[in-house]
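Listed below are the residues making up each chain.
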Amino acid sequence: MLFLGTTIDGLQMGLCFAVIALGVYISYSILDFPDLSVDGTFPLGGVCCTIFMLKTGMPPIIATLLSFIAGALAGTITGILHVKFKISKLLSGIIVMTGLLSVNLALTKVLTGTGYTTTIFSYNSVGIEGLFGGKLAGLLGGGGKDLMIIIILLVIVLATKFIIDIFKKTKMGYMLGATGGNERLVTYLGKDSGMYKILGIAIANGFVAVGGALYSQLYMSYDNTSGSGKVVLALASVIIGMSVFANIRIIKNTTAVIFGAIIYSLCLNYLVLVDTQGIYTKLLNAVLFALILIFNDKISHLIKGKTYSKKAVKEDA
Amino acid sequence: MLELVGIDKVFNAGTVNETTIFDNFSMSVKTGAFISIVGSNGSGKTTLLNIISGTIPINAGKIILDGDDITKLPEYKRARKIGRVFQDPAMGTVPQMTIIENLSLAANKGKKYGFEFAVDKKKTEYFKEMLLTLGLGLEDKTEIPVGLLSGGQRQALSLLMSTMTPIDLLLLDEHTAALDPKTAETIMELTDKIVREKKLTAVMVTHNLRYAVEYGNRLVMMHEGKAIIDKCDEEKAKLTVDDLLSTFNAISIECGN
Numbered sequence: 001m002l003f004l005g006t007t008i009d010g011l012q013m014g015l016c017f018a019v020i021a022l023g024v025y026i027s028y029s030i031l032d033f034p035d036l037s038v039d040g041t042f043p044l045g046g047v048c049c050t051i052f053m054l055k056t057g058m059p060p061i062i063a064t065l066l067s068f069i070a071g072a073l074a075g076t077i078t079g080i081l082h083v084k085f086k087i088s089k090l091l092s093g094i095i096v097m098t099g100l101l102s103v104n105l106a107l108t109k110v111l112t113g114t115g116y117t118t119t120i121f122s123y124n125s126v127g128i129e130g131l132f133g134g135k136l137a138g139l140l141g142g143g144g145k146d147l148m149i150i151i152i153l154l155v156i157v158l159a160t161k162f163i164i165d166i167f168k169k170t171k172m173g174y175m176l177g178a179t180g181g182n183e184r185l186v187t188y189l190g191k192d193s194g195m196y197k198i199l200g201i202a203i204a205n206g207f208v209a210v211g212g213a214l215y216s217q218l219y220m221s222y223d224n225t226s227g228s229g230k231v232v233l234a235l236a237s238v239i240i241g242m243s244v245f246a247n248i249r250i251i252k253n254t255t256a257v258i259f260g261a262i263i264y265s266l267c268l269n270y271l272v273l274v275d276t277q278g279i280y281t282k283l284l285n286a287v288l289f290a291l292i293l294i295f296n297d298k299i300s301h302l303i304k305g306k307t308y309s310k311k312a313v314k315e316d317a
Numbered sequence: 318m319l320e321l322v323g324i325d326k327v328f329n330a331g332t333v334n335e336t337t338i339f340d341n342f343s344m345s346v347k348t349g350a351f352i353s354i355v356g357s358n359g360s361g362k363t364t365l366l367n368i369i370s371g372t373i374p375i376n377a378g379k380i381i382l383d384g385d386d387i388t389k390l391p392e393y394k395r396a397r398k399i400g401r402v403f404q405d406p407a408m409g410t411v412p413q414m415t416i417i418e419n420l421s422l423a424a425n426k427g428k429k430y431g432f433e434f435a436v437d438k439k440k441t442e443y444f445k446e447m448l449l450t451l452g453l454g455l456e457d458k459t460e461i462p463v464g465l466l467s468g469g470q471r472q473a474l475s476l477l478m479s480t481m482t483p484i485d486l487l488l489l490d491e492h493t494a495a496l497d498p499k500t501a502e503t504i505m506e507l508t509d510k511i512v513r514e515k516k517l518t519a520v521m522v523t524h525n526l527r528y529a530v531e532y533g534n535r536l537v538m539m540h541e542g543k544a545i546i547d548k549c550d551e552e553k554a555k556l557t558v559d560d561l562l563s564t565f566n567a568i569s570i571e572c573g574n
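Read top to bottom, the protein sequences are chains A and B. All residue numbers for the first sequence refer to this note's numbering, where the first residue is 1 and numbers rise by one. All residue numbers for the second sequence refer to this note's numbering, where the first residue is 318 and numbers rise by one.
It cannot be assumed that every hint is accurate.
Where chain A lies over chain B, by a calculated footprint (3+ residues, C-beta under 8 Å) [what the hints assert, rightly or not]:
{"no.": "1", "segment": "392-399"}
{"no.": "2", "segment": "404-415"}
{"no.": "3", "segment": "434-448"}
{"no.": "4", "segment": "533-543"}
Bear in mind the hints are in silico, worked out from the structure with no lab data behind them. Every residue gets a Cβ at the ideal spot worked out from N, C-alpha and C, and that includes glycine.
Next comes chain A alone, as it looks inside the complex (with noise of 0.2 Å):
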């Protein structure tokens, strides 16, 4: 039962963040951006959810919509930091993400109203009802309540999936993937490259700051030390979801980032069997990412497929 508890545990932490690891998987994949400002968008998504939700009533997907735009908003910065003012890549989500420590403090003591509180503001099961709790939850009984997490995340998850698959058959999408393939074509197909990098990492920030919103939905609370660690999370399914499925063809990114979503958030499960105090979890997220890194080439040629794979190429270029 408890293998059980945690499995389940796993795929609702895992679909969570699959809309985070989608984000990154355009900042990270599409544009060539590896963008840190993640760490803070995210539970500034969390947090604007919460505030949407506590303060002004408003209905949880619109709340959690609208935390899509906190996000894009934080990531317009970073993207303007490196392309107006030529911050490196790096260091412009560095700056967003140690500013967006004091936003998301600032913010949470508006929710608070009691002053400054630096740990786990957590409300309980009454405060933040958000998408899981209340009706829909409820149909398939106490029971049924994690199937029902479950479904309704993956509807979510997979909504995002579809919004990107289209977005990147389109033209603008084309010129998205020039930005990070070949910026000099973008230039010399007469257009501003920086302005498709900032689109996108605002984009990206969006999607990641929903994960943050569904994050503190899932777990009805909202802890303003959420985002640490989530760069590496998001990386990390990247990463494992485009090596495993390296070679398949018919699997999409988009498809194949979901499941390292999900196989890395069910393996930080697992290993949480293990080290049952919480000591370990950020090392064992460390040097499972790191072991992932180093037998990435491996795990691509476990499963092998006929054709070329497009992401080989781009490393190659």
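Could you slot chain B onto chain A? The hints should help.
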């Protein structure tokens, strides 16, 4: 018509490494001209192309393209009227996108890149016909990422992509230098064909003196930011590789090489 008027270009101004590339350099390129520019390393050939395209700013002077002063325009805005093929075959295409995807991107140059689907079935047929004329067998590889093609195939594609939409000027930046001799020949012939068919104005920088002599209708040899040879039409037709070589040698001796 492209006019460069009184161009000054200084690198690292105000430092010990200060290098003056151009001092009051002027040149004009008639519409329909196909200029080959040769010269030793550091003579200012590539800098000249970068100045025209807006990749690097100038210290003084004016650049006028078809009557419009483009001196202050950023590179991407100038690029709407300028096509460019680089020395590195990877520079002209997006490696992880397929041939069709690359061509679709290029065919849309000058228009809006909005939310419409980028690949159009009707256009795909047209692209395949176009690839057929290259004679490189690319029409059967349309779904293959460009990164997997050879340098020559990529360069042919780059050439096609940069001349697909109407442009006022084509810049060729040693575009055959990274290719093997036979492929270089093919690309050069293709370049000549496209320039003739589309009646393009082209500026080609090359280290291959034979190409400079054989192709185009004007030849310019650069040295220390000046055009030391500048021959058009009949005069250019009389030039031989040996003439160029002897001038080259004279310069080298002068420089103490």
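Hints and how they fare:
no., hint, in the structure
1, 392-399, "holds (count 6)"
2, 404-415, "holds (count 8)"
3, 434-448, "holds (count 3)"
4, 533-543, "violated (count 0)"
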